[in-house]
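J.: Model the full structure from these sequences, guided by the hints.
Under full-length UniProt numbering, read the sequence shown as residues 1 to 315, first letter to last.
The reader is advised that the hints may include incorrect statements.
[Claimed, not checked] Mimicking DSS-like on lysine-lysine, the simulated pairs with C-alpha atoms at most 27 Å apart in a straight line are:
| hint | residue 1 | residue 2 |
| --- | --- | --- |
| 1 | Lys59 | Lys147 |
| 2 | Lys147 | Lys133 |
| 3 | Lys242 | Lys145 |
| 4 | Lys58 | Lys133 |
| 5 | Lys242 | Lys58 |
[Unchecked claim] Label pairs and their calculated CB-CB ranges:
| hint | residue 1 | residue 2 | range |
| --- | --- | --- | --- |
| 6 | Val170 | Thr241 | 38 to 44 Å |
| 7 | Ala113 | Ala88 | 33 to 39 Å |
| 8 | Cys255 | Arg98 | 40 to 46 Å |
| 9 | Gly256 | Tyr117 | 19 to 25 Å |
| 10 | Trp125 | Leu93 | 18 to 24 Å |
| 11 | Thr241 | Ala104 | 39 to 45 Å |
| 12 | Leu63 | Arg238 | 44 to 50 Å |
| 13 | His50 | Ala88 | 26 to 32 Å |
| 14 | Thr96 | Gln56 | 46 to 52 Å |
| 15 | Tyr95 | Pro134 | 27 to 33 Å |
Think of the hints as simulated: they come from the structure by calculation, not from any bench. Ideal placement from N, C-alpha and C gives every residue a C-beta, glycine not left out.
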Amino acid sequence: MELAKRALSQISLVPLYGGGFWVAFTQLVVFYYSVGALLHSVLPRVIPVHGIQQQQRKKGEVLRDALYSIGPLAIKAGVWAAVEQLHARGLSLTYTGRVSGWTAWAYVALCVALLDYLHDTWFYWTHRLLHWKPLYVHVHYIHHKSKAPSAFTGYSFHVIEALIVFANEVLVCFMFPLHMGLHRAYHLYTTLIHEGGHVGYELAPFLPTLAGVVALACRGLQPCAALNTVQHHDMHHRYPTKHFSLYFTHWDRLCGTLHPAYDRDLFHYFPPKAAAAAAAGAGAGAGAAGQGGKGGQGQAQQQNGVKTANGVKHE
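T.: Below is the structure:
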């Protein structure tokens with residue numbers, strides 16, 4: 001009882017970092033479930049979203065995923081607490097202090113880009129590892145219970161999977177100097193990415209990575225085929241041997257794990273003019289990627305009888 005009272009007395013959303021496990025856990029719980037509720041229940045009612053799922057969710061799936069997420073959230077909070085301890089003991093490359101001057105902010109932007117690519121690479125290869133039969137049958141199967149994912153599917157997985165997935169949040173602290181505030185903010189943001197990647201609808205063509213924001217700012221709806229979408233991961237829940245990446249598609253293209261229907265039908269849910277422009281850009285990017293790997297439309301043309309993302313079978 002005394003332990004529970006002490007834990008409750010420490011629950012707070014601040015400071016951003018340095019508050020230990022309970023502060024980190026509270027931040028994650030409040031962020032995860034409030035963002036999940038917003039993405040799942042509010043936005044689809046107030047914004048004309050583009051639905052991409054073929055099948056209805058089963059009764060109780062959303063609640064099940066929301067409950068399964070508690071364990072991984074606790075693991076992630078523990079990882080953050082470990083990062084704080086490493087920093088306090090001077091065992092990592094993390095640093096604190098005020099960020100001022102354009103060079104310091106330029107370095108922060110560089111760190112964000114590095115984190116994007118490192119996180120995507122870690123996710124791709126550990127995700128493929130989780131599809132190794134012994135790990136899939138005993139660990140990763142929990143996440144794939146959801147055939148029509150929701151925002152709460154984001155962290156609906158086994159605690160062992162959580163240890164594997166979140167280990168990179170410790171590893172990056174030994175790779176390059178990283179501000180503790182950025183470490184916390186960025187990995188809180190990845191929680192949003194995991195939730196947003198499972199919502200079952202598209203709000204924008206790309207997941208909001210730094211690279212994606214730059215591409216959208218420069219090119220509007222013209223896509224960069226290397227950037228990810230919600231549909232990309234949604235298809236993984238229907239085709240478990242395809243689409244293992246998170247932010248970008250280059251690993252899927254290079255390693256032959258891109259579904260042949262992805263480029264062909266990706267933007268069917270956008271207005272015709274935007275969809276045509278987007279498809280043209282995606283096709284060009286896929287063709288370039290196909291020269292160096294197994295992805296793209298060339299692979300799609302070699303396979304017959306594939307069910308596409310919008311449910312139409314192409315022969």
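J.: Are the hints correct? Go through all of them and say.
T.: The hints, checked one at a time:
1. With a C-alpha separation of about 12 Å, the suggested pairing of Lys59 with Lys147 holds against the 27 Å cut-off.
2. About 19 Å separates the Cα atoms of Lys147 and Lys133, which keeps this hinted pair within 27 Å; it holds.
3. For the suggested pair Lys242 and Lys145, the alpha carbons sit about 16 Å apart, so the restraint of at most 27 Å is met.
4. In summary, the hint linking Lys58 to Lys133 is supported, as the alpha carbons are separated by about 26 Å, within the 27 Å threshold.
5. For the hint pairing Lys242 with Lys58, the CA-to-CA distance comes to about 23 Å; that is within 27 Å, so the pair holds.
6. A hinted range of 38 to 44 Å is violated for the C-beta pair Val170 and Thr241, which are about 29 Å apart.
7. A beta carbon spacing of about 27 Å between Ala113 and Ala88 contradicts the range 33 to 39 Å that was offered as a hint.
8. As the Cβ distance of Cys255 to Arg98 is approximately 42 Å, the hint placing it in 40 to 46 Å holds.
9. Distance hint for Gly256 and Tyr117: a CB-CB separation of about 20 Å, consistent with the stated range 19 to 25 Å.
10. The hint said 18 to 24 Å for the Cβ distance between Trp125 and Leu93, and at roughly 23 Å that hint holds.
11. Between Thr241 and Ala104 the C-beta distance comes to about 44 Å, which sits within the given range of 39 to 45 Å.
12. Taking 44 to 50 Å as the suggested C-beta distance range, the pair Leu63 and Arg238 does not conform, at roughly 22 Å.
13. Between His50 and Ala88 the Cβ separation comes to about 46 Å, which falls outside the hinted range of 26 to 32 Å.
14. Here the CB-CB span from Thr96 to Gln56 is close to 48 Å, well matched to the stated 46 to 52 Å.
15. A C-beta distance of roughly 40 Å is found between Tyr95 and Pro134, which places it outside the suggested range of 27 to 33 Å.
The structure fails to meet hints 6, 7, 12, 13 and 15 from the earlier list, while all remaining hints are met.
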